[in-house]
Amino acid sequence: MTKPDNGQEIKPGWKTLPEGDVLEAGTAAEFKTGSWRLEKPVWDEEKCIQCMFCWINCPDAAIILKDGKVSGVNYDHCKGCGICAKECPPKASALKMEK
Amino acid sequence: MTTATQKTLVAKTGNEAMSEAMRQINPDVVAAYPITPSTEIVQIFSQFAADGLVKTEFVPVESEHSAMSACIGASAAGARAMTATSSQGFALMWEMLYVAAGLRLPIVMSVVNRALSAPLNIHGDHSDTMGARDAGWIQIYSENSQEAYDNLIQAVRIAEDDRVKLPAMVMTDGFIISHCMEAIELLPDAEARKFIGEYRPERYLLDVKNPYTLGAVDLQDYYFEHRRQLAAAMERAALVITEVAADFKNNFGREYGFFESYKMSDAEIAIVAIGSACGTAKTVVDDLRTRGIKAGLLKIRVYRPFPWKEIVSAIKHLKAVAILDRADSANAFGPPLFSDITSALYLSGVRVPAVSYVYGLGGRDITPEHIEDVYEEISAVSKSGAAPAKLFNYVNLRE
Chain A
1 MTKPDNGQEI KPGWKTLPEG DVLEAGTAAE FKTGSWRLEK PVWDEEKCIQ CMFCWINCPD
61 AAIILKDGKV SGVNYDHCKG CGICAKECPP KASALKMEK
Chain B
1 MTTATQKTLV AKTGNEAMSE AMRQINPDVV AAYPITPSTE IVQIFSQFAA DGLVKTEFVP
61 VESEHSAMSA CIGASAAGAR AMTATSSQGF ALMWEMLYVA AGLRLPIVMS VVNRALSAPL
121 NIHGDHSDTM GARDAGWIQI YSENSQEAYD NLIQAVRIAE DDRVKLPAMV MTDGFIISHC
181 MEAIELLPDA EARKFIGEYR PERYLLDVKN PYTLGAVDLQ DYYFEHRRQL AAAMERAALV
241 ITEVAADFKN NFGREYGFFE SYKMSDAEIA IVAIGSACGT AKTVVDDLRT RGIKAGLLKI
301 RVYRPFPWKE IVSAIKHLKA VAILDRADSA NAFGPPLFSD ITSALYLSGV RVPAVSYVYG
361 LGGRDITPEH IEDVYEEISA VSKSGAAPAK LFNYVNLRE
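Which chain is which? The protein sequence lines are A and B, in order. FYI, my numbering numbers position 10 of the first sequence as 10, with every residue one higher than the one before it. FYI, my numbering numbers position 259 of the second sequence as 259, with every residue one higher than the one before it.
Treat the hints loosely; a few may be bogus.
Restraint ranges, calculated between C-beta atoms of paired labels, are given here [said to hold, decoys possible]:
hint: 1; chain 1: A; residue 1: E87; chain 2: B; residue 2: D162; range: 41 to 47 Å
hint: 2; chain 1: A; residue 1: Y75; chain 2: B; residue 2: E57; range: 38 to 44 Å
hint: 3; chain 1: B; residue 1: W94; chain 2: A; residue 2: A61; range: 29 to 35 Å
hint: 4; chain 1: A; residue 1: E30; chain 2: B; residue 2: A77; range: 21 to 27 Å
hint: 5; chain 1: B; residue 1: D51; chain 2: A; residue 2: V42; range: 55 to 61 Å
hint: 6; chain 1: B; residue 1: S384; chain 2: A; residue 2: P12; range: 53 to 59 Å
hint: 7; chain 1: B; residue 1: E62; chain 2: A; residue 2: N57; range: 23 to 29 Å
hint: 8; chain 1: A; residue 1: P89; chain 2: B; residue 2: D162; range: 48 to 54 Å
hint: 9; chain 1: A; residue 1: Y75; chain 2: B; residue 2: W94; range: 55 to 61 Å
hint: 10; chain 1: A; residue 1: P89; chain 2: B; residue 2: E62; range: 56 to 62 Å
Everything labelled a hint here was simulated from the structure, so no lab data went into it. For clarity, every value in this text was computed on a predicted model and none was experimentally measured. Backbone N, C-alpha and C fix where the C-beta goes; we use that ideal spot for every residue, glycine too.
Produce the complete structure using the sequences and hints provided.
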């Protein structure tokens, strides 16, 4: 979208808009949905055994990976479903839900 | 098992003809759930898949909603996807029909027309697909098995055309065509496949080097523009349908248009109808002609896009017209084809007395005698010059 001097966005008309509800890739990254959350998972680096269960089970992409290792939670996108805390093995208990 | 190598005349039911067309179309994905009377189309096709005659990934899903969903996923991924259904199965696909059209996915579906519940009925009428006339799908209806076969092959080219990119459904009448054996001409495999061509989508989700988002939420600021694009694609489809029919005729000799005009040029009265009843109506027209009655028939093949200008041109010289619908709208006005054609006449400033006849619901017979009665009634209308006494009529219905 181009923005003229007055700052108002000019949106394309139906003749120039890409057909079939097509957008560029990865737009969900810019759409922050963390505010939907009631409880948040808190990750404890000391306890984490890097089993990756939280990462593979997260229905969004809210478990942050750095160099192939879990390194925290992306609160811009985590909706607080608690699946990561539930899947975190009891012997580790590295993810706990907090209000 | 058929491996046609040259143009051959074979005995096929409507369902068999549809499955032979699907074998030649060779879709990448077929996802379907069985329902009478369309079951055989996919049943026979699944044997082709099991025998390795097609390269198709066959997905036996758990419902028609899933069948259309799987076709949508496959088509978005870049595959040529097909399915078949009838009646309640078609109804269960409902919300996904709109998704297929709105995402502009050229899925092609065979629909064997069957009455909708309730009451429960497995026989042929057009209630199912007529309900989806505004879903953004191209609709092509067939009079017999040959047309079903030819229409399905043409539908793939029409749907996949870059100017169109719309899903298409090809219809036959339940049991009357789907289970009736007729002599039809199959195209040689190589020629059919050459005509259909490869599907080369402009973009597809499995193209990982060019990722994009498909089907995101589209609110007040864009939804309207996307729906207008859909309407424009349907307008462009008319030209493509004509082009594909012309190419089909050049290659294989059989001629198709938006509709078939049967003895219309000098006709004074005519019936407009869709599907298998037109075969019966043609024999009645022939019979009436031997008695000096100038009767004609307009058989609608393409109902969506609706060729309203062409239909008006074809019927504007008539003294009276009967419009036959194998579906009722229960809207305290008129059934679909009648409403569309009378609107088209009005907008064109043409005043031909038009009478509505609903017939054949739930597979109720329509015989030459019934059709002759319709011609007699509109003949009386044409002579009186007055408005018809009864606009909305039901054929072969007990009072």
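*Indices of hints not satisfied (ascending)*: 9 and 10
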